[in-house]
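Residue numbering for the sequence shown follows the numbering used here, starting at 1 and increasing by one per position.
Everything labelled a hint here was simulated from the structure, so no lab data went into it.
Don't take every hint at face value.
[Said to hold, decoys possible] With a Cα cut of at most 20 angstroms, we get these calculated PhoX-like pairs of lysine-lysine:
#1 Lys9 <-> Lys72
#2 Lys25 <-> Lys37
#3 Lys72 <-> Lys41
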Amino acid sequence: MQESGCILKNIRYAGDKEINEKNLKWINSLESKKNYKKIAKFLTDFKTTSNVKNTTLNPNDNYTNYEWWLVKTKDDGWEIVSRGY
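Work out the full structure, taking the sequences as your base and the hints as a guide.
Spelled out as structure tokens, the structure:
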């Protein structure tokens with residue numbers, strides 16, 4: 001799979017142990033006046049290509065266990081609120 005200069009190798013749920021009060025508090029601190037109740041963490045392994053569009057990623061590099069934090073929105077959707085290491 002290739003999208004915006006990245007080739008996805010693996011994606012996995014980080015596990016229920018990551019869904020705890022400490023991480024929920026941290027996620028809610030990222031934006032003022034937010035009170036999310038449900039969060040999820042995913043880990044991905046991917047390789048960037050030479051034309052990667054994201055300026056925080058290095059071209060032609062491999063990334064392992066790259067974190068993606070999501071929150072449940074009011075309309076029952078999910079939104080990415082943090083990503084990276």
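Hint check:
Taking the CA atoms of Lys9 and Lys72, the gap is about 25 angstroms. The hint is violated against a cut of 20 angstroms. For the given pair, Lys25 sits about 10 angstroms from Lys37 by alpha-carbon distance, which is consistent with the 20 angstroms threshold. A hinted pair counts as satisfied when its Cα atoms are at most 20 angstroms apart, and Lys72 with Lys41 qualifies at roughly 12 angstroms.
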